[in-house]
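Asker: Assembling the complex is the task here: the two chains are given apart, and the hints tell you how they should meet.
In case you want the letters, here they are:
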Amino acid sequence: MENLKPVLEMVDVKKSYFGNQVLKGVSLKVMPGEIHALCGENGAGKSTLMNILFGMPVIHSTGGFEGEIRMNGEVIDIKTPRDAMKYGIGMVHQEFMLIPGFTIEENVKLNREPLKESILGKFLGEPMKNLNRDEIRKDTQAALDQLGMDMVPADKVAGLPVGYMQFVEIAREIDKRGVKLLVFDEPTAVLTEGEAERLLAAMRALADQGIAILFITHRLDEVMAATQHITIIRDGAFVKYLNTADTNVTEISALMVGREVEVIERAKHHEASNEIVMEIENLEVNMPGEMVKGVNLKVEKGEILGIGGLAGQGKIGIANGIMGLYSATGKVTFEGKEVALNNPKAAINAQIAFVSEDRRGVGLLLDESIAFNIAVPAMQNQGKFLKKYGPISLMDQAAITENANKYIEELDIRCTGPNQNVRRLSGGNQQKVCIAKALTSEPKIIFVSEPTRGIDIGAKRLVLDTLVKLNEEEGMTVVITSSELAELKSVCDRIAIVTEGKVVGVLPASESDAKFGLLMSGITEGMEG
Amino acid sequence: MEKAKKLIQDYGVSRFIVTCFAILLLVVAFLQGQDMNILFSDIINRFGMYAFFSLAMVPSIISGTLLNFGITLGILAGVLAGLISLELGMTGLTGIGFALALAIPFGVIVGFAYGLLLNKVKGSEMVVATYVGYAAVYIMCIGWMVLPFKNPAMVWAIGGEGLRTTITLDGYYDAILSGMWNFQIGGVTIQGGMIAIIALACFIVYLFTRSKMGIAMRAAGANPIYASAVGVNVNKQRIIGTILSTVLGALGIIIYAQAFGFYQLYTAPMNMSMYPVAAVLIGGATTRKIKISHVLLGTVLYQTIITVAVPVASILVPDGGLGDVVRIIVSNGIILYALAQAGGNK
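If you're matching them up, the sequences are chains H and Z in order.
Be aware that the first sequence starts at 197, since it is given in this note's numbering, and climbs by one per residue.
Be aware that the second sequence starts at 309, since it is given in this note's numbering, and climbs by one per residue.
Same shape as in the complex, but just chain Z (with noise of 0.2 Å):
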């Protein structure tokens, strides 16, 4: 009992109580004879469209500016990126590659303006990254009104002027990515391909980590002051660790709108901070310290929820439109938990 205590103890509670939420949900979504194939292969394919979200979380928890709501600007300026590739016509690999060399620069100078920003509210980051974001979405929703884009794939059919709110990525790099060596096991599509960047993305930040860079980042994010004592500009490393986590952010709705189908324009980047912001604390990060484990498990584990909570509640409540009150209760829920475990438990 002891030794079962403890076990639980350095997994976390937390984690310990989510992961057996987790399980739980297979577990009636199995006796409720749904199919397990397709729920683990969606599974696999949502942790793919999420990762690097999460995975975006890193340089700015090590750098001190907390979890990053404002990540919407990166998904702002990915999406831009994405939409230029678009209109440039450019299909296949080279048009996601394009796509996503494009958005780095553009995800580097709204990052350093947006680091900017985040050195100037020291103490009160993340409230303010929340409105940021929010800000910057209505902003870009004058923006995908007014920007000079041509395509008629992308542009309203009638007065060919704006976009359109989804704009779809059939015939130019829909699932390009991740459906790259996809493979069976028993049912279930691994993607390879999408697997496979994953690990390298979060390979270099894990060697970022540990990179002279990347441990004055560290310290500058542990304690400014020590930072400061010992040569270290924090500002600048904050600034850095923005960039980064605005750069990841631009990079993962390129891969979230490969694997999804679809940009998604106008209001939708709305909330989109709160579930990577939701899955690395459910993974065991909390504001200030974090892990590329924490991002895995937690990516994992947040998706599994929600990707279960949907078909095992339009069972269990039957009721067309409460199957969905309950997927959002579910999965705002999870959101709370998750947060109120940020300042981690000790």
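Only chain H is shown next, with the shape it has when bound in the complex (with noise of 0.2 Å):
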């Protein structure tokens, strides 16, 4: 083993876009056949790094990078994402990049079918030859059978589950001739637990071929399972090179956030009162994928509150349903009175706050800067930083960059300054902006929809603490939908489970998660509601 080279070296890469370094000397090394964790924070440099290896035309508009790629122990030089695969590079995307209208095999061979001939083709050459079908069947099903997956090549891709969509990817990734090395960016985000288990003996199995994998993913007891190898990377910077089997992940996630990241303890808990805040009665939400089929809770003054459940059983649907996003009805009363429903207006007039799970789509202008983002709802809701000059008031810039100051600071949101656009942030970030957004409002209650979905450890434990700090500090009362029950059961003090857009019971925060897991699967005998 000793002598064997590495399939892939990344020697010192530094990047830097428009003078802002991103990567500051990272270094990469892979073995032939073994599965390789990258790990790191969002926002710590890994994608930059992936689109340097690829050759994304990103790098090279601007600017290029420094350091050396070696294959082998041969200096590479990517330019493209074409030379990537002529090197054998392969990527299985985070996002599916299928053809649903195609049939597996289809998108499988896309653009690289095995041809026959035919008499249009004999005079004007090969875009007129006949695909050879059965050679397209057959090269896709070996590809299939080597990833041990059971599935029809002729299927359409439309009609698969999310789960074997992408294994049609790694299908397609692995009947490319010549693959040595392959780079799976985040591939269990969008798969059950049951399919992230057939994707990881998947891996193992390539990796027995001699296919050496860079995985990348947040989820580190997978890291713990599949891989030998671990390099961590933060601020675009290495930090270290690891064992697998000689870490662990309280170790792994320390190197990732450069700090001890230690269950979340709350000061005080919230004492179980009679002292209803809200009450949502009957409430439907016609939220598509999200449907609320009458939902009864109550929500305690001074508490945080934790709905639960399933994707897609309706408990995102609720806080958008009081907040007016979607058509709901029913009725919702805070602080004794009902607040009009399909009207966003009103709810935000009643000083009710959210922050939605669709931070790029709802929560944020993108294109805006941070100050501006956090101000609009409180200015056009409640008149503040605004300016009286005779009979026209105008934005007050100096209180609007004040504020987003205190919240820059109060949050850490990592920024160049009040005035840089929200897009350039990592979700982390964004997810502050959100947050103070919804604070700069002073509301009474929070609605916080999935407030940690697709952000790194280090962002999420500010986020939770922020959130729990707010309830301590100001009493308010905080609702926090998550699909993740351990994230709810550290911070809150009584989790409603929704099932099949209904409450079916809520239970104390420190109940079993076995009991947790009898209600989101629906079964709720010997329970009270």
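Keep in mind the hints are simulated off the structure, nothing from the lab.
Please note: incorrect hints may appear among the correct ones.
With a straight-line Cα cutoff of 20 Å, these simulated PhoX-like cross-link-like pairs (lysine-lysine) come out [stated by the list, open to error]:
hint: 1; chain 1: H; residue 1: Lys580; chain 2: Z; residue 2: Lys520
hint: 2; chain 1: H; residue 1: Lys282; chain 2: H; residue 2: Lys210
hint: 3; chain 1: H; residue 1: Lys541; chain 2: Z; residue 2: Lys311
hint: 4; chain 1: H; residue 1: Lys497; chain 2: H; residue 2: Lys685
hint: 5; chain 1: Z; residue 1: Lys520; chain 2: H; residue 2: Lys541
hint: 6; chain 1: H; residue 1: Lys685; chain 2: H; residue 2: Lys533
hint: 7; chain 1: Z; residue 1: Lys520; chain 2: H; residue 2: Lys584
hint: 8; chain 1: H; residue 1: Lys494; chain 2: H; residue 2: Lys533
hint: 9; chain 1: H; residue 1: Lys583; chain 2: Z; residue 2: Lys520
hint: 10; chain 1: H; residue 1: Lys685; chain 2: H; residue 2: Lys494
hint: 11; chain 1: H; residue 1: Lys489; chain 2: H; residue 2: Lys527
Computed from the model, here is a short list of chain Z residues facing chain H with C-beta under 8 Å [unchecked claim]:
hint: 12; residue: Ala421
hint: 13; residue: Leu515
hint: 14; residue: Arg518
hint: 15; residue: Gly539
hint: 16; residue: Val540
C-beta atoms are modelled at their ideal positions from N, C-alpha and C, and glycine is treated no differently.
Answerer: Right, here's the structure in full:
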């Protein structure tokens, strides 16, 4: 083993965008036939490193990079994605790059179809030759077999479950002859547990055939389960090269964020009270994919309430319905007054704030500054940040900047300043801007949906800490909707589980995982609702 | 070198190319021995004529109805207001003041109806706008024939019915603003009055974009879902943006006409929307983002090219007919280039 050359070596890679250094000398070494994890927080530079490896145009149009890429010991020059393919580097994308209307085999072989002679082809050359359908099917079947997937090559991609699409992508990559290195970018993010396990098994099978795999993921238990070595980067710098066997999840996450990650400890828990601040009666929300079909829920004053449940069961729809973003029926009473539904303004004026699960779509104006994003709702609804000049009132830039600076410091929003566009921020920092935006209108209750979706451990912690702090110090009532039960259990007082559009039970957060699991699967016998 | 590259990037590559082209034209004109004083005076004059139309793009872009190809509607409303002022025999500052004042309610009415329409065709505003503009021009072709105008200076001499294709402002308010407060700098005529009016209009629009409503409009245009989630009525903002744009267009045509000396009817307004659209795009705006500086710089650049290209081309291509062909190629080429930049370069 010792004399084996690494398949891929990236040596001291540096890259800056417009004077902002995002990679400060990262090195990476992947041996043949190993599964190698690349770990780092969002914004640590993983995507940039991969863009360099694939010769993406964004790298070369911004002045290229410093450092060396070696394959099997030879220095190579990757200028375009085509070069990367030529050297045998394959990529399984985070977002599927498949054509839904094509069959599996057509997707796998797209633009690389084996051909056979035809009459027109004799005269007009390759573009007019016929496809060799048998060959296509045979190759595709072989690739699927290699993955251990029981799929029919002639099926359309459109009807496949999400998890299967991922395997089609992989089949396409391994079907390319001479693949030496496969990059998996967050492949398990969209998979169910069972599918993820199958994927890991497929990865191991590939590795056994000598293909090196570079595995990028946030799920550290998968890193522990599947990989041999780990490279950790932080803030664009190389941190450590680890043997998976000699480490553990705590060490990895500590290295990733540069500090110990502990479970969030709450100073005090909310005492169960009968003071109901919000009452939701028979709420039905017509939100595609998250239908709410008659929710009854009481929110106690000053508590942190979690809303959990599996994806697609309707938990996301509740907050969206109350905030008037999707059409809803039913009755919502806040502090004794009924809140009009289907009217965002009414909810906001009742001092209800909402941090949407869809940060980029609903939560932010991506091409506006941080300061502007934070100020708009408070300005539009409460007339804050306006300065009167006789009959006209104009926005008060100084106050807006000051407010933004306050939150940048309080929430540790990492940015170049309040005037930076939010598009350029990482997911976690965008989330903090969303929270700052909600807090600026001084709400009495705040709904936060999927606060930690797609953000890294460090930012996750800060976001949750912020919510807990708000609750403890300002006495704000917080309602967190999240798919991650563990996260809810770490911060909430009570957790309501939503299944099939209805609240099937509300349990104290200290209840066992098993009980929550039963509720999620819709089993409510022996429990009070 | 790096520094120069960065400067160009900050300025915008396409804007840089157009600026270079404008400067090149000026240099060629100078080498051909053209009267530069007249050229520069001309550029300033044309800038005054077109600035309002370019400014009209600001509310439509920030409210999210994108580039207002339907500025033609505002132009028609303005022409109608202007003709009424002539019909009533009003002259001088009173005449143009009346025309401008009347153009505002006309613009509001037309803009409101047009805004309702644009809210029904979200996503294809620009295409719809172009054809609405064309349709309106032809409807008004009938209108100009049947509207009961009686002023003999305006109607056809024979028959006494229907308006003429061009109606002179001589004796009414020809050059009343573009002739106001003019002064000379080294032989170049600077139109003090026009520049003051345009500066005032820009300042008002700038203030508007910083008002509460302006901010709401910006949010509605940048991300309608965000805007409605923070309690902004997106459709209302789009209608207001369209109204403002239309009103600016209506005012613009009256200012244009007094500088030009004529109201032009029938098919004349057909492609008027192209010039301001091209100008703001050259100036650095995109279909989503625009600043007052884009309006001013773009109008100057575009009008410089158009103004200088004509005499330069007529010397380069002395054949009488071809000179005009070259002019048309240049002006349409610039429009084409500008439209190709509409998405903005990242």
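Asker: State for each hint whether it applies.
Answerer: Consistency of the hints with the structure:
1. Taking the CA atoms of lysine 580 of chain H and lysine 520 of chain Z, the gap is about 10 Å. The hint holds against a cut of 20 Å.
2. A distance of roughly 24 Å separates the Cα atoms of lysine 282 of chain H and lysine 210 of chain H; the hinted pair therefore is violated under the 20 Å criterion.
3. With a CA separation close to 49 Å, the supplied pair lysine 541 of chain H and lysine 311 of chain Z exceeds the 20 Å bound.
4. The hinted pair formed by lysine 497 of chain H and lysine 685 of chain H meets the criterion: a straight-line CA distance of about 19 Å does not exceed 20 Å.
5. Pair hint lysine 520 of chain Z plus lysine 541 of chain H holds up; C-alpha atoms about 15 Å apart against a cutoff of 20 Å.
6. A threshold of 20 Å between alpha carbons decides the hint, and for lysine 685 of chain H with lysine 533 of chain H the separation of about 30 Å lies outside it, so the pair is violated.
7. The suggested pairing of lysine 520 of chain Z with lysine 584 of chain H holds, with an alpha-carbon distance near 11 Å, which does not exceed 20 Å.
8. In summary, the hint linking lysine 494 of chain H to lysine 533 of chain H is supported, as the alpha carbons are separated by about 14 Å, within the 20 Å threshold.
9. Pair hint lysine 583 of chain H plus lysine 520 of chain Z holds up; C-alpha atoms about 10 Å apart against a cutoff of 20 Å.
10. Restraint check: the Cα-Cα separation between lysine 685 of chain H and lysine 494 of chain H comes to about 19 Å, which is no more than 20 Å; the hinted pair holds.
11. Proposed proximity of lysine 489 of chain H and lysine 527 of chain H is supported: the alpha carbons are some 13 Å apart, at most 20 Å.
12. Taking 8 Å as the C-beta cut-off, the interface hint given for alanine 421 of chain Z is violated, the closest approach to chain H being about 26 Å.
13. Here the hint on leucine 515 of chain Z is kept, as its CB sits about 6 Å from the closest CB of chain H, short of 8 Å.
14. Annotation: arginine 518 of chain Z was flagged as interfacial toward chain H, and the flag holds, the nearest CB pair being 5 Å apart, inside 8 Å.
15. At a threshold of 8 Å, the smallest CB-CB gap from glycine 539 of chain Z to chain H is about 4 Å, leaving the interface hint in force.
16. Taking 8 Å as the C-beta cut-off, the interface hint given for valine 540 of chain Z holds, the closest approach to chain H being about 6 Å.
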